[in-house]
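Student: Generate the whole structure from the sequences, applying the supplied hints.
Each chain is listed here by its residues.
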Amino acid sequence: MAALASAGAVALVTAAIAVARPYVPVLSLGVLYVFAVLPVAVAWGLAYAIPVSVASMLAFNFFFLPPTHTFALRDNENWFALAVYLVTAVVVSELAARARRRAVEAEQREREAALLAQASDALLRGTELAEELERLRAPLADVLGVLSARVELGPSHEHGYPLRVGTRGIGAVVVPDGREPDSAVRDRLFPALAALVAVAVDRDELQREALEAETLRRSDAAKTALLRAVSHDLRSPLTAIDAAASGLQSETLRLRDDDRRALLATIRVESARLARLVENLLDLSRLQAGAAQPRPELWPPEELIAQALDELAEANTRVVLELDDGVLPVRVDAAQIERVLVNLIENALKYSPPDAPVRVAVEGGDGEVRLHVIDGGPGIAPAERDRVFEPFHRAAGTGTRGAGLGLAIARGFAQANGGRVWAEPAERGAHLVVALPAEPRA
Amino acid sequence: MSRPRILVVDDEPQILRALETNLRGAGYEVDTAATAEDALSTAAARRPEAVILDLLLPDGRGTDVCRELRTWSSVPVIVLSAVGEESEKVAALDAGADDYVTKPFGMDELLARLRAATRRGTPSGEPVLDVGEIRVGGRPVQLTPHEFDMLRLFAQNEGKLLTHRTILREVWGPAYQVESHYLHVYVSQLRRKLEPEPARPRYLLTEPGAGYRLVNPASRP
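Each protein sequence line maps, in turn, to chains A and B.
Residue numbering for the first sequence follows my numbering, starting at 1 and increasing by one per position.
Residue numbering for the second sequence follows my numbering, starting at 1 and increasing by one per position.
Calculated directly from the structure, the hints in this document are not laboratory data.
Owing to the predicted nature of the structure, the values given are computational and were not obtained by experimental measurement.
Heads up, a few of these hints could be off.
Unchecked claim - Over 10 Å on every C-beta distance to chain B, these chain A residues come out as not near it, computed from the model:
1. 107
2. 218
3. 227
4. 240
5. 273
6. 291
7. 311
To be verified - Which chain B residues face chain A? A few, computed with CB under 10 Å, are given here:
8. 10
9. 20
10. 21
11. 40
12. 80
13. 84
14. 104
15. 143
16. 145
17. 215
Note that CB positions come from ideal geometry on N, CA and C, so glycine has one too.
Tutor: What follows is the structure, encoded as structure tokens:
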């Protein structure tokens, strides 16, 4: 292409001179060949400009200098013309090549700057560092003039070009195709890239540390809550038992018979409470470990309620029942649903005034059976309605009674049986609902 | 002589019931309260001779009850603390509580503390210190003035918890109330002179984080 154009240029100027020859002294027309050399030098450089210079000189000699149509050089004008063409060719080629180099270089630097801008944007955005480095691969290869390149992190690398900030190794640019990127580009680009990656690595590290610290803090807080709750709930019955038992044992105390009976009753009641706490803790760990496999059987809801009331023993006299005969049976593990109901009713009894009734109502519809437990206590604040089901959660301002396990266990067992437990918004008192899937009528 | 009156404050009904029964059996009149508010009003109305106070109450902390009580009463206060509540226990002692028992506790321990707390002044009977020459187990010991002052303070308060603050105030004066590290050194020196086996003290006991107590091993449960 370039050769063809070069020959064309020479031919064109030769033709022009032939046209002008009748009007202008032929010797002064030789200078026109500069217009053939010039564009060739600008466009394709010295490699084409020099042959064009020589071809121009030969064409002038052959076509226009007497004796025409021979290459005989009779006088010095020919040599002079050739020298002019060559000097023009060299100077112009060099100038043009330099301009071209500058343009290429400017373009390269622009791409480098764009790459760094993209890198800083990507790396400092705060998303996943490895992902962002992956995204930089294509522009990096482009800037380096290689087929593919990637940034690897780590302090030391056996292969690739190291990225360093001061003496600290950040990583390396690895070029798998084995080509060597221009050293000037490397010198310009890599320190800036290294600094950026270093900042991103540091930020990533800080973020991870902050996250770890937060995770630790949370699990620490949970452990502290657990420890406080369990230690209080284990110790209170133990304290009562120890006080009662040591009173019974003491030879210095003068106790009446009914005093002794009261102390024995305290020991029994508190032992049962301890046993229940231990049972609750075991239930919770079984639920959390996913080991609470229900053994479902078909049960009428009122039968489940009856079992729960039986478990509650004398406390159940405060429970007022509102049953519905038309409710469908449910297919659940009776022992687990009994735990759900006992925990909900116990909770209601605990948080309502000593002689206030607790309502338990049954209602069916929408393919499920809903059991309502409604008390006359202080109720549950809207913000607490979901949190009361978290293990070891205690509603603010309710003192220290109870480990906060009952509702968490109730929800766990209900869910294990395909049901749900939630706190219904209520005007006054707490209103908790257990919903269990109803068995369709056969 | 009328029976001494005790106020027991705890929010656990069963603990309250057991303590009430036992204290009555030990010859006390017993009032009970389950909340901080109730505790203060009962203390004001019934003027008990000692208060047994749980540190965690549904409507506040035992420490605050103690501080409030101290603004108008010097009634001895024994707090019921638990492992894990050490800082709360120290705060209660700083707020004016006289002693503590750690849950769970036996009745004999509580009754011993109660007797020590309600005993005023030097106990009757033989003088504990024969001023002039001090003998421990028949063996004379040399005491520095501070050691002597400490020993006298302990002897006058046999069985009672003496907080770091109290000992510093009584022996060194009000300016030294916070420098408890002095105290550990002086007490260990005193112990070396009094105890047959200073590393296993029998008389001068350390109550971790709280203070010291001089006990008569013969009268311990």
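Student: Could you run down the list of hints and mark each one as holding or not?
Tutor: Structure-based check of each hint:
Annotated as non-interface, residue 107(A) keeps its C-beta farther than 10 Å from every C-beta of chain B; the closest such distance is 70 Å. Residue-level check passed: residue 218(A) sits 20 Å from the nearest beta carbon of chain B, beyond 10 Å. Distance check for residue 227(A) against chain B: the nearest CB is about 7 Å away, which does not clear 10 Å, and the non-interface claim fails. For residue 240(A), the shortest C-beta to C-beta distance to chain B comes to about 4 Å, within the 10 Å cut-off, and the non-interface label is violated.
Not every beta carbon of chain B lies more than 10 Å from that of residue 273(A), the smallest distance being close to 8 Å; the non-interface claim is violated. For residue 291(A), the condition that its CB be more than 10 Å from all CB atoms of chain B holds, with the nearest at approximately 30 Å. Consistency note on residue 311(A): stated as away from chain B, and its beta-carbon is indeed over 10 Å from all of that chain's, at 20 Å minimum. The criterion of a C-beta within 10 Å of any C-beta in chain A is met by residue 10(B), whose closest approach is roughly 9 Å, and the hint holds.
Given the 10 Å rule on beta carbons, the hint for residue 20(B) holds: about 9 Å separates it from the nearest Cβ of chain A. For residue 21(B), the interface hint holds, the least distance from its beta-carbon to any beta-carbon of chain A being 5 Å, beneath 10 Å. A cut of 10 Å between beta carbons decides the hint on residue 40(B): the least distance to chain A is about 17 Å, and the hint is violated. With 10 Å as the threshold, the beta carbon of residue 80(B) comes within range of chain A, its nearest partner Cβ sitting at about 8 Å, so the hint holds.
For residue 84(B), the interface hint holds, the least distance from its beta-carbon to any beta-carbon of chain A being 6 Å, beneath 10 Å. With 10 Å as the threshold, the beta carbon of residue 104(B) comes within range of chain A, its nearest partner Cβ sitting at about 4 Å, so the hint holds. For the restraint placing residue 143(B) at the interface with chain A, the shortest Cβ-Cβ distance is roughly 36 Å, beyond the 10 Å limit, so the hint is violated. Hint status for residue 145(B): violated, given a least beta-carbon distance of 40 Å to chain A, over 10 Å.
A distance limit of 10 Å between C-beta atoms decides the matter here; for residue 215(B) the minimum to chain A is near 18 Å, and the interface restraint is violated.
In terms of the numbered hints stated before, the structure departs from hints 3, 4, 5, 11, 15, 16 and 17, listed from lowest to highest.
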